[in-house]
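We have chain R; now place chain U onto it with these hints.
Chains as they are written, first to last, in the working numbering: chain R, 1 to 249; chain U, 1 to 248.
The hints are simulated quantities; they were obtained by calculation from the structure and are not laboratory data.
Glycine included, every Cβ here is placed at the ideal spot set by N, Cα and C.
Keep in mind that a hint or two might mislead.
As a list, the in silico BS3-like pairs of lysine-lysine whose alpha-carbon atoms are at most 30 Å apart [said to hold, decoys possible]:
(1) R:Lys5 to R:Lys148
(2) U:Lys104 to R:Lys89
(3) R:Lys200 to R:Lys5
(4) R:Lys129 to U:Lys6
(5) R:Lys102 to U:Lys143
(6) R:Lys129 to U:Lys90
(7) R:Lys100 to U:Lys143
(8) R:Lys89 to U:Lys6
(9) R:Lys73 to U:Lys143
(10) R:Lys100 to R:Lys129
(11) U:Lys90 to U:Lys104
(12) R:Lys129 to U:Lys143
(13) R:Lys89 to U:Lys8
Computed footprint of chain U on chain R, listed as stretches where at least three residues anywhere in the stretch have a Cβ under 8 Å from a Cβ of chain U [as the list claims (entries may be wrong)]:
(14) 52 to 62
(15) 66 to 75
In case you want the letters, here they are:
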Amino acid sequence: MISVKELSVAYGENQQLTPALDKVTIEIDSGQIYTFIGPSGCGKSTFLYILAGILRDYQGIVTIDGKPVDPQKQRIGLILQNYGLLPWKNVYQNAILGAKIKDQPADEPYVRFIFQQLGIEDLLGRYPKELSGGQQQRVAIARAFILKPDLLLMDEPFSALDAITREEIQDLFLKIWKQHQVTTVFITHSVDEALYLGSKIVVFSPAPGKIIEVIDNPCFQLENLRARDEYYRMSKQLRKMLSEEWSKQ
Amino acid sequence: MVEAVKDKWLGAAYSFIVVLVFWGLVSWWLDIPIIPSPAAVFQNILDIYTSKMQAHVAASLLRILAGIIIAILAGVPLGFLMGYFERVDKILSPLVYFTYPVPKLALLPIVMLLFGLGETSKLIMIILIIVFQIIITSRDAVKSIPAETYHSLQSLGASRRQMFTEIIVPASLPEVLTATRLALGTAVSILFFTETFGTEYGMGYFIMDAWMRVNYLEMYSGIVVLSFMGFVIFTLIDLSESRLCSWR
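Excised from the complex, chain R in its bound form:
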């Protein structure tokens, strides 16, 4: 479980501090996907960077399973919008990077299994520049799962992909996720994505980011979701809420 209490972050120099997050408090249950939705610049990426241990300058208490965030001790998988692949490593080297940094020999059969599921087993010798966006993101997902993370953090990972590739990868992600049920924090600005992937949906306010509401998503993991009435209803309800909340500020 991730517990966040009164988390506040501000950017800038001493004199002119711009608040990015304002007293965010939330408990994130293990084995769930929390989709965080908020307008651009609301601090949701900042929130993710704190969980990832990249940003350390904040006020409040953040713990993962009762311990403070420490990437050296915890296994944190990070998937970013720009894929975060190292251009000088080929697909295979990029995919096992997490395992390598953690000083563990990669579990070869498992690695092969993940490659196969993501359909990248024929690309292993290629460099990122030789891949399409969708392929690069598959490699980034492979890297995250090969790490066998305790926590998966995703920052608008699919927003740079075209619509068809995006839906494909969303499905692929869900399929692999179901086998592992890793606690996942998923940042998005798309209502559709928040509904499709999140078991809970966290709504952020415009900057400085506050949590407005945490919604249980009844649509999560329903078969053939995008064609269903529940999905349509929920989507409408969520959009209405967002437009009301976000226009208040």
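Below, chain U without anything else, positioned relative to chain R:
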């Protein structure tokens, strides 16, 4: 990739032929001993290479390679530290920028007074010429790595050493090799200059000696061989660049 390599070789062959034709024409047109024909010079190289030139080539090669290697070993780590640690950069950058525009050749008298006429001063001169370019390039290469590149590794809890080996070294390698390649031209000139005194080995000595003996054929042979040597090192760095940095 293969196409690019082929283009490069074609370009080299083309330039070589143009230079030869031009040289041949001038030599034929003027018909004076100070401009021998290319054919005569190449024949002379074949005749005297093993007996007279080899030792000089070896001496020059050793100096220039040692110079490059030492300059890289000293310059790259320094540049990396300056690029990665803001504080190191603040202390060292002004010094580097202040000394960078000083023509290093002008320091030759000082270097010679301090280190004598021997090998040490020749090596120091070569290193002085190359090392600044390598320091500045490595520093800028590290600085130009976007912060996001580090994020994945940070979230994995990578150590500082891993940041260097996994990101900084591979990311800046292409720039460092390019800088070395570009600095090489100047380094060969300096090599030639420092070999004109205080030694009896090296292509610089060979060329000047042939000149003094009014042996123009040998003088030209020396110039051709020295140029070829520079070209070979240049090409070797270029090849290792495309080999090591094929991800680009």
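Of all the hints numbered above, which does this structure not satisfy? Sort the numbers upward.
Violated hints: 2 and 6; rest satisfied.
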